[in-house]
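Chemist: Below are the chains, spelled out letter by letter.
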Amino acid sequence: MRVAVIGAGPAGISASLALIARNVHVTMLDEQPSAGGQIYRNLGNVSRKNARSLGSDYVKGQSLLKQLEQANDKFFLTLISQASVWSVTEEKEVSWSIDNKSYCQKFDAVILATGSLERSMPLDGWTNPGVMTVGAAQILIKTARYSPPSSVLVGSGPLFYLVACQMLEMGNPPKALLETQNNSDLLKAFIHLRPNLTSLLYLAKGLVMLAKLRIAGVKRIKAVSDVRIKSADKAHIIEFSKAGTKSQIEAETVLLHAGVHPNIQITQALRLKHDWNQENQCFEPRTDKFGRTSLNNIFVAGDGIKILGADAAKISGKCAALALLVDNGFAKAKADLSRAYRVHQKYVQIRKFLDVLYAPKDWYSCPPNNIIICRCEEVIAGKIREAVKIGCLGPNQLKAYSRCGMGNCQGRYCGNIVVNLISQIVGQTPQETGYFRIRQPIKPVTLSEIANFQELP
Amino acid sequence: MPKSFFYFDEKKIYFEQDMSVAAALLCAGVTDFRQTQVLHKPRGPFCMMGACFDCLLVIDGMVNQQGCMRLAKEGIKVKRQTSNALSEIN
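Line by line, the protein sequences give chains A and B. Oh and the first sequence: position 198 is 198 in the numbering used here, straight run, nothing missing. Oh and the second sequence: position 44 is 1044 in the numbering used here, straight run, nothing missing.
Hint data in this document are derived by calculation from the structure and do not stem from the laboratory. One or more of the hints may lead you astray.
Said to hold, decoys possible - Okay, the calculated beta carbon distance ranges per label pair:
(1) B:Gln1017 <-> A:Ser56: 20 to 30 Å
(2) A:Thr446 <-> B:Gln1017: 25 to 35 Å
(3) A:Thr446 <-> B:Lys1011: 46 to 56 Å
(4) A:Ala400 <-> B:Thr1082: 23 to 33 Å
Quick caveat: nothing in here was measured; it's all calculated off a predicted structure. We put the beta carbon where it would ideally sit given N, CA and C, even for glycine.
Bound conformation, chain A alone:
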């Protein structure tokens, strides 16, 4: 039996390890130059000292990477890096591109561990050069030891504060944090806090981060809204409202973060059922509790199902692998599966607290008419509203009306916003509205690439 694992983050790695431990052949396909996913990005290449400066949650990945490295020397694992998977079919045929050359292979099973994307926060100026996501800044820190200068962070969420602290460790503290959540969010969230060890440790980690920022004197402005970025050359002026008063702040770099949601590109292209998560304002692929989909021998693992973070993703990957084994006659894996699932449940409890505390603000999904929603085709919210008013029935017809979602990113950054906008105007639920029909290839490849599939190495 040969299994393709797509994505080499914590979910993908632990899924692969569980499979090769039972002598199953695994081919891991990962888009980045080295394994680890975004959470452990470049961890195998940075010095111990530099890794430690980015925090214990980053260093923790070393044991997983080490196990993968040891396994990579053996017969059962093939790790293919810098491979952009552009097609996965129901028949488990996987196509990928490396350096503008494509390859295709048929597998017996596929585990999708493609992680998450940062939620869009469409606002005036969010497409200007020098305005990036907080995650992008973290990737720069991890891969280039470069912390963008004179940064202002806008948004909220666990990653938001983590990256602010990492910038601090780099000796380049953010100029200010413009935080979108307010004190009433905190009160609402506290009801959901469960006094178990995992949750309390998580909470303590957050408090330590906030204390570090306070000691360093990083300015935190809470409950901001109506954010606009005016850019000229390399300087940005960020205008915002707080309690009805308008203020502004200058920055060289603006970093946005509104939490993350599952990357559903492949699960959508496979026509799997997805469910709208109202709290997280996103679609999630429908799976059973172990990651089985409605398609035989196709599984999803980690944040690609539901955002629970790296520790949960690691166990979710193991669950998917064990469920795959059980389905294919390895009855012995059954006991391991129920054990792994019990561990996984520990990480679910803190999520409700975080989801409520950092819930996406309503204004993210109902931007004014002049704001660009589709970054690729530069379609503004007004154009989408207008299309719906003259009879556009849903996201797919919207493509024909406006080209929204038809650019290179194929709806990754406008999809959930579009679903929300249409639902608001038509007066139906996002579940009823549905998502863009995502088609293979899910990454742009040239026709000549498809016409010239390469021999497998």
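We have chain A already, so just place chain B on it with the hints.
Modeler: What follows is chain B alone, placed relative to chain A:
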């Protein structure tokens, strides 16, 4: 050892190991990577992880190359991608 570099248009961009083309450019203070297709506005990297396609560049004559997904290499020729880059090349 001399530092490695590549050319971005006429400008020398120095880089270190494990840096992507986009990271090297950002470190050198370049944020404007391309001109957008519809409104012809400047655009630069947004997600840095291969998802947003905002960091598209012309690399060694190939258009629409994701700067954040290509490791920087000595001697590559990188160009800012203009709105009509496709028609210029074909």
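Chemist: Take the hints in turn and mark each one as holding or not.
Modeler: Status of the hints after comparison with the structure:
Distance hint for Gln1017 (chain B) and Ser56 (chain A): a CB-CB separation of about 25 Å, consistent with the stated range 20 to 30 Å. Separated by about 29 Å at the C-beta atoms, Thr446 (chain A) and Gln1017 (chain B) satisfy the suggested range of 25 to 35 Å. For the pair Thr446 (chain A) and Lys1011 (chain B), the beta carbons lie near 28 Å from each other, so the given range of 46 to 56 Å is not met. Hint check: Ala400 (chain A) to Thr1082 (chain B), Cβ distance near 28 Å, so the stated range 23 to 33 Å holds.
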